[in-house]
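Enquirer: Protein chains in written order, with the numbering used here: chain R, 24 to 517; chain E, 8 to 476.
Worth flagging that the hints you see were computed from the coordinates, not collected in a lab. Treat the hints with care, since some could be wrong.
Restraint ranges, calculated between C-beta atoms of paired labels, are given here [to be verified]: (1) R:Arg-92 / E:Pro-209: 21 to 29 Å; (2) E:Gln-263 / R:Phe-390: 54 to 62 Å; (3) R:Glu-475 / E:Asn-56: 31 to 39 Å; (4) R:Gly-187 / E:Asp-95: 40 to 48 Å; (5) E:Asp-95 / R:Val-294: 42 to 50 Å; (6) E:Asp-95 / R:Ser-496: 36 to 44 Å; (7) E:Asp-95 / R:Ser-315: 32 to 40 Å.
Computed far set for chain R versus chain E, every beta-carbon distance over 10 Å [unchecked claim]: (8) Met-120; (9) Pro-136; (10) Glu-139; (11) Leu-147; (12) Glu-149; (13) Arg-193; (14) Ile-215; (15) Ala-291; (16) Glu-306; (17) Glu-312; (18) Ile-321; (19) Gly-339; (20) Lys-385; (21) Glu-405; (22) Ile-421; (23) Ser-491.
Restricting the straight-line Cα-Cα distance to at most 25 Å, the calculated cross-link-like pairs of lysine-lysine (DSS-like) are [said to hold, decoys possible]: (24) E:Lys-241 / R:Lys-211; (25) R:Lys-297 / E:Lys-241; (26) E:Lys-285 / R:Lys-490; (27) R:Lys-254 / E:Lys-241; (28) E:Lys-285 / R:Lys-323; (29) R:Lys-393 / R:Lys-351.
Note that CB positions come from ideal geometry on N, CA and C, so glycine has one too.
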Amino acid sequence: MFDTVIIGAGVTGAAVARELSRYQLKVCVLEREEDVCCGTSKANSAIIHAGFDAKPGTWKAKLNVAGNRLMDQWSRELDFPFVRNGSMVVCTDAGKMERLEALYQQGLANQVPGLEIITDKKRLREMEPNLSDQTAAVLWAPTGGIVCPFLYNIAAAENAAKNGVEFRFRSEVTGIIKKEWGYEIATKEGLITTRTVVNAAGLYADVLHNMVSERKLQITPRRGSYCLLDKTAGTHVNSTIFMLPGEYGKGVLVTPTVHGNLLMGPTAVDVKDKEAINTTAEELAEVLEKSSMAVKDIPKRQVITSFAGLRAHEVGRDFVLGEAEDAKGFWDCAGIESPGLSASAAIGCLMAGWVADSLHAKKKEHFHSKRRGIVHPFELPEEQRQELVSQNPAYGVIVCRCEMVTEGEIREAIRRPLGARSLDGIKRRTRAGMGRCQAGFCSPRVMELLAEELGIELTQVTKSGGKSMLVYSDAAQVHLPEANLKWADVLNEG
Amino acid sequence: MRKAELVIIGGGPAGMAAAVSARQNGIENIVILERDHVLGGILNQCIHNGFGLHTFQEELTGPEYADRYEQKVKELEIEYQLETMVTDISEGTDQKASDLLPGVRCIHVSAVNRTYGFFQIETKAVILAMGCRERPRGALNIPGYRPAGIYSAGTAQRLINVMGYMPGKRVVILGSGDIGLIMARRMTLEGAKVLAVAELMPYSGGLKRNIVQCLEDYDIPLLLSHTVVNIRGKERVEGITLAKVDEKGRPLPGTQIEYECDTLLLSCGLLPENELSKTAGVALQQITGGPAVNDRLETSIPGMFACGNVLHVHDLVDYVSEEASLAGKYAACYIQKAKEEPVEDGTKAKERAAEDGTEAKEEPAKDGTELEAAVTDDTELQIQPENGVRYTVPCSISPDKMADQVVVRFRVGGVYQDRYISVYLGEQRLLHAKRRILTPGKMEQVILKKSFFQSVKPDEAIRIDLEEE
Chain R
24 MFDTVIIGAG
34 VTGAAVAREL
44 SRYQLKVCVL
54 EREEDVCCGT
64 SKANSAIIHA
74 GFDAKPGTWK
84 AKLNVAGNRL
94 MDQWSRELDF
104 PFVRNGSMVV
114 CTDAGKMERL
124 EALYQQGLAN
134 QVPGLEIITD
144 KKRLREMEPN
154 LSDQTAAVLW
164 APTGGIVCPF
174 LYNIAAAENA
184 AKNGVEFRFR
194 SEVTGIIKKE
204 WGYEIATKEG
214 LITTRTVVNA
224 AGLYADVLHN
234 MVSERKLQIT
244 PRRGSYCLLD
254 KTAGTHVNST
264 IFMLPGEYGK
274 GVLVTPTVHG
284 NLLMGPTAVD
294 VKDKEAINTT
304 AEELAEVLEK
314 SSMAVKDIPK
324 RQVITSFAGL
334 RAHEVGRDFV
344 LGEAEDAKGF
354 WDCAGIESPG
364 LSASAAIGCL
374 MAGWVADSLH
384 AKKKEHFHSK
394 RRGIVHPFEL
404 PEEQRQELVS
414 QNPAYGVIVC
424 RCEMVTEGEI
434 REAIRRPLGA
444 RSLDGIKRRT
454 RAGMGRCQAG
464 FCSPRVMELL
474 AEELGIELTQ
484 VTKSGGKSML
494 VYSDAAQVHL
504 PEANLKWADV
514 LNEG
Chain E
8 MRKAELVIIG
18 GGPAGMAAAV
28 SARQNGIENI
38 VILERDHVLG
48 GILNQCIHNG
58 FGLHTFQEEL
68 TGPEYADRYE
78 QKVKELEIEY
88 QLETMVTDIS
98 EGTDQKASDL
108 LPGVRCIHVS
118 AVNRTYGFFQ
128 IETKAVILAM
138 GCRERPRGAL
148 NIPGYRPAGI
158 YSAGTAQRLI
168 NVMGYMPGKR
178 VVILGSGDIG
188 LIMARRMTLE
198 GAKVLAVAEL
208 MPYSGGLKRN
218 IVQCLEDYDI
228 PLLLSHTVVN
238 IRGKERVEGI
248 TLAKVDEKGR
258 PLPGTQIEYE
268 CDTLLLSCGL
278 LPENELSKTA
288 GVALQQITGG
298 PAVNDRLETS
308 IPGMFACGNV
318 LHVHDLVDYV
328 SEEASLAGKY
338 AACYIQKAKE
348 EPVEDGTKAK
358 ERAAEDGTEA
368 KEEPAKDGTE
378 LEAAVTDDTE
388 LQIQPENGVR
398 YTVPCSISPD
408 KMADQVVVRF
418 RVGGVYQDRY
428 ISVYLGEQRL
438 LHAKRRILTP
448 GKMEQVILKK
458 SFFQSVKPDE
468 AIRIDLEEE
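Next up, chain E with everything else stripped away, as it sits in the complex (with noise of 0.2 Å):
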């Protein structure tokens, strides 16, 4: 069986830039398995600009933003395998005959492609960076039929700026989501007729610059509150009705609005894409659909890290590099640690691990504190959202590894105005900060500081909420 250090699953920006610090912060044996022919991930059919701002200080397009990346991979001589499908990540077996890995506890990851076949890759870490898809029509128990020319906003895309086709002239969108902004403008420079984007949510749950440079540039309507009640067409779409939608989101009979048109977008969400994190065992949030992971971006599995929109959506790929530059620090750092102080043997890694997985799942927030506290005597503190945040990347910190500082990103469930993000450590109250606007839309973040948590007592938990004053 083939052998590495830390194998990546994925090399769209997240998976890049973890393999980059990976290898910058001393890892050798470095493998990044991509399952399209080139490397850049959805960055590849995001040709429009304002991609690396915070990163490189300058507006690139997606394809440009990759290509920084991949240019660094190349440069650090940093292996990849494209076309390549991973089908399974399972805990090795026959730890103790792993020469590369004496007696430290290994990772077997399946994958698939034209040159190996089906092969296996052991490994001492893994990087979780699969992104994200789109919620499909399904998901969303849209009435009607279902003829052709029903798009996710995605596969559009691919389609005009990857493939060079249109995939329709009269276009509705449903859903505010950021693709489906940018695609409305995109699919209007094309020369095609974007009549309206509708919102189920009496809020648009993308970035506002979009909706300036995408919709209103354009005059292009945004119908808040509605949703599709009803596709037409038996081939090809010929139709689309919309209504207003009450507080619950149900249609309001007579608010109909009819349609001409052959095309429906959808743009309703993205859903991190762990299909291979659930065959591995690894604890997920449940808001997030993601590995609910520590500071260190470590999952419930130890070794197994996770970066990018496979843990929650971001917003802009330059916080996807920074956390993934630090997924691959935090790797490395693993990789070296168990190379220097090979403890556990085999059975009981196994064992933990079994523990985690079936314990995670009902309650993923209390995992990382057993885990360490039977492990290492380490103090994990969970961080709990309330009062308007939904949720938090990471959901764990530990005060005695974590860095001098830890972002931690959230959203919040609706709309709030003149706010204030506080963080308190049992009642103590370490951060207050006020905002003008939080919207769904836009991923927050604060600092934790290291110094924050000199004296800390046992079962103290972090929590961050919403406060008026």
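One chain only, chain R, in its complex shape (with noise of 0.2 Å):
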């Protein structure tokens, strides 16, 4: 019997099994995929807000500001790209301005440090020379950051299963059952017991609640698409710039990405199914519209990808946080919507503390702080690259061009605790694929190095887990009849 099982490996799921396993706990991370981070976490803006958004006195105003606040921290003890390149809200009507102000007197009622109005024209200009000429002021939060969020969500996890938390994947939750002792859980894979949950369930928190509790949870997905540009786009803008809201609703933010390319986005529309991830004509265009209000000459030709995500968005509009009232032990973190990424530090934080005091739960005395992401040598000063090389000369091939990412990367990226297991997993570990030309080159070369790490079949490697094969065996494997036939013809009148 586990201690907790979390439930999802999301970012939520992965910093709350990173601090729970500082705890002398036996904990498990159940995920429905074959990964880490493969829903919301995936596909969202890689923002770590400052925090004025939300209302004060809410989760979201509270957790958000305390998350932005320990990502420094984070970012170096798990080895995660993270930047604070600051963000700024436009306000390109005068007539708005009191709309500027209230979001600023928000932001220090939530305690955002550094918050400051900027009319001045020329230091604008100076800050963000392609701001929209309409600009009229702009709200600057110099706390405002960006991130990797793949690696933030795998790093995270890495750290928890390096102190000991055990990670099932392919492992979906089917049924919860409350019992005196805790909680069993039916798996695909099985029946587990655990005297807590985490349910970190993404989208789904909803349901796997509903399971224990009768004061029902109702999440919608609420979909988001955006748009990705090329590197070369990738210094239009410094900070991440946010469209005043208003009548346009909240618009679309432009935000340069850890990794130097530029990302647009994102629509916000209300969906039925939890797994609708499909871009629409409509919302790509909407995204390539709005994108323009607040900054100007954004050249959208360079879009190298397009792509869309789920928000868990809870009636309630809060994020849902701690013990069911109805259920001991079961612990929700439920309608982790913007702000999440940004909080889920503190979330992890917060949870693994009352999870741990709900247990009487000790520390252990030697937890592991410490990961280290898998080297890049383009990153590393010259010397030490020459090292790597001539130590592992599979750090010398570079097999995708586009992000310079070498066969050593994607190997390790194999190997390590919690390692790819599919073309994804690789591209959200390596960011191999992850460039302009999309994977074309380099997919092949991956799907040999998946094949050959793994001991399996090419045509047993997958994108992304599941179904989602790439290749079939040969053309024996693509039967025909009327292929057949012709041939059969031929033959007989040969």
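Hey, can you piece these two chains together into the complex? The hints should help.
Expert: Quick look at the structure:
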């Protein structure tokens, strides 16, 4: 029996797992997919918000600011890219200044540090030369930041695993039954027993919660579509640029990413299907159109990919955090929509504290707070990278030309604990396939490496687990009666 | 630091032909840097025939064609490094210190491979021969899911022809570029069902012979003015939706056609691969995305040449070889001339290069003229594409330095019937040649003779356009 089972290996689940691994507890993470970071955590704005957006007093407000504050330490300890590039809310209509002012006041109430309303045009031009010419003023938040959500999620999970947390993949939860001693969890892989449950199931947190509680939650998938631009466009803005929320809704943001691309989005469309991560022509058009409202001259021909993610919007509008009132030992992290990524580290700390207290758990004597990421030779000083290649020549062979990812990195991504099992897993860990050619050149080689490292056939290699197989063994597997008939005819005639 | 006279980036058809020609023109110290584990580039996966009719007067497959050049490279004992990725090209810093090339500007090529790790080569000249890549789905902004089963046509070609695996069973192809057409046939021959080839434009981007031999011969429908408006399937492609588009490429409501399929191949254009050229500061042509070169195939940076698909996308590899041989020859001339008259001092060269880089980006067309006027007093005539002619390669010629004749290649922007290709120098018409049909899928060429340019007035330009009579 486990002390705690965490359901979901997105950023929230991984952060809770990492923090719970500080305690002398037997913890397991159940994940439906074959990898961590497969749901909302993989398709979002990759922003660590400063924290002026949420109403003062809400979990969103408190944990955003707290989570933001933790990111420097977490990125240092866990070795994932995080940059405080600052964020701006742009007001392009002098008549709407009171809205900007209200946002500023809200930020002060939320204790966001360093907020400032800037109206000095010269200074704004120096900070952001490509702001809209209509810019009247901006709200400047120097603590706003950008992060790689994949590497953050993976790093937290790897660190949790290093500290003894067990991860079970392809383990979708199909039922939860409350027992006197805790919970019995049914998965496709069998029954699991545990004293406590942490529900970090993202879009499905309502479904799981409602299995054990009469106080029902309701999560609506709210889709956001994005366009990602080539690195040549990555310096178009320096900070994260938001439109002033208003008549056009929350608007879309334009931001550099930690890897140097430019990202624009999201839309906000409520959908019924919790798996509907498809983009639509209308939403992509909306992203392209609205992105120009606060930022001028965006080189939109440089789009290299588009994608959509689903936010887990709970009807009560705030995060749902804490023990379910009528289900002792069942802890919810539900409705973790924006600023969920920003708040996740703080949610991890808070939730782990609550659960550990409820179990009267003691801290471990030896907690490994540090984790090192996959070494990218191009980020090393010359001597070190030369040394790396002489020790392991695979770091001298480039597989992904666009992002300059080496064979050594790809092999390492598969070999490390919680290693990659699919093309997308490799992509999230190494960026192979994430560049301007979008895996055209590297995917055949990455498939070969996956097959070789995992000891499987190429036909078993998937894009993202499940039935996402990439190739068939040969033409014999491609059975087409009419084709065979034709050949038969030819042979008979001959 | 390792030293060379000529570094060739890319060991595909362009790089190999350039190397062979440079060696035949007297250059000893040549290195080809190739990122794949074999020479030959994309030809290795083009196992269909039709290559070499011009060069060898016989019909070869891609690998056979590549092999001819590979044998020459080996016979001539030209050095090549495989699985070697060039990461940077820059102007050398300590030019005076170079003993191989005293007093001559030099170029530093940085690369990485498993044998030498990260290394640099100091060289007198570079030939850019990196080829091109395919436009990905993202650039097309096709809506829908992002499941397995969406491949660029070239990736599918590699999977089948090199690795021996089938990317799918029921296929829709978007884009009627030559690779897409070839792959329609290839997948059919391997037992897959190709349901349709959709093309956004009202005309195909591929060669007529490929439409006949790859689609019509197999009863594969070509749907012009159609595009993909949806991709279904969460894990693997389950179906796609095509729709007819209006003249601006916007899908027309009510024209959707649903296809049950497991694969979508994309053949929506090739883009010259010029990331390295950009880091080097080479001026690019806006239309092609390839370096702007003069009649010696020299880029805006002296000593840096370009040929093949990195310059502009060719229809036939034979033209690539021809162009690359010239690049090799001109690079050889440059190196030998530099040996004879090491005139420039390093700082001056550097300043000039810095100017090129910045100015060229804004006004690539002007760049060559100013450069040459400032340095050698030579006149460099710009070639202006007009009236349906989208671009030309080269984009300038020098009446003094040019060979007796220079082939100027270009593509047109639409389908034209019964037009004349005309070449003017100022008001004077130099050439006037009728074409029954001109399409964007077929590269056109004109030959400019040195004798045309006996008396050239200052600021005169060459104009190439299409005329009705």
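Enquirer: State for each hint whether it applies.
Expert: Results of checking the hints against the structure:
1. R:Arg-92 / E:Pro-209: 21 to 29 Å: violated (58 Å)
2. E:Gln-263 / R:Phe-390: 54 to 62 Å: holds (57 Å)
3. R:Glu-475 / E:Asn-56: 31 to 39 Å: This hint holds: roughly 33 Å between Cβ atoms.
4. R:Gly-187 / E:Asp-95: 40 to 48 Å: Between R:Gly-187 and E:Asp-95, where Cβ atoms are some 44 Å apart, the hint holds.
5. E:Asp-95 / R:Val-294: 42 to 50 Å: With a Cβ separation near 46 Å, E:Asp-95 and R:Val-294 satisfy 42 to 50 Å, so the hint holds.
6. E:Asp-95 / R:Ser-496: 36 to 44 Å: holds (41 Å)
7. E:Asp-95 / R:Ser-315: 32 to 40 Å: holds (34 Å)
8. Met-120: With a cut-off of 10 Å, R:Met-120 remains clear of chain E, as the shortest Cβ separation is near 36 Å.
9. Pro-136: Since the minimum Cβ distance to chain E is about 37 Å, R:Pro-136 lies beyond 10 Å and the statement holds.
10. Glu-139: Holds, since 35 Å exceeds 10 Å.
11. Leu-147: Given a closest Cβ separation of 25 Å, the condition holds.
12. Glu-149: holds (21 Å)
13. Arg-193: holds (13 Å)
14. Ile-215: Label holds. Min Cβ-Cβ 26 Å, cutoff 10 Å.
15. Ala-291: R:Ala-291 is indeed farther than 10 Å from all Cβ atoms of chain E, at 17 Å.
16. Glu-306: violated (8 Å)
17. Glu-312: The assertion about R:Glu-312 holds, with a minimum of 13 Å to chain E.
18. Ile-321: holds (14 Å)
19. Gly-339: Its Cβ never comes within 10 Å of chain E, the nearest being 29 Å, so this holds.
20. Lys-385: With a cut-off of 10 Å, R:Lys-385 remains clear of chain E, as the shortest Cβ separation is near 44 Å.
21. Glu-405: violated (7 Å)
22. Ile-421: Given that some Cβ of chain E is not farther than 10 Å from that of R:Ile-421, nearest at about 4 Å, it is violated.
23. Ser-491: Per Cβ check, R:Ser-491 is inside 10 Å of chain E; nearest 4 Å; violated.
24. E:Lys-241 / R:Lys-211: Measuring from Cα to Cα gives roughly 20 Å; hence the hint holds.
25. R:Lys-297 / E:Lys-241: holds (12 Å)
26. E:Lys-285 / R:Lys-490: Not OK: E:Lys-285 and R:Lys-490 at ~41 Å, beyond 25 Å, violated.
27. R:Lys-254 / E:Lys-241: violated (28 Å)
28. E:Lys-285 / R:Lys-323: Distance ~19 Å between E:Lys-285 and R:Lys-323 Cα, so the pair holds.
29. R:Lys-393 / R:Lys-351: violated (33 Å)
Checked against the numbered hints given earlier, the structure breaks hints 1, 16, 21, 22, 23, 26, 27 and 29 and satisfies all the rest.
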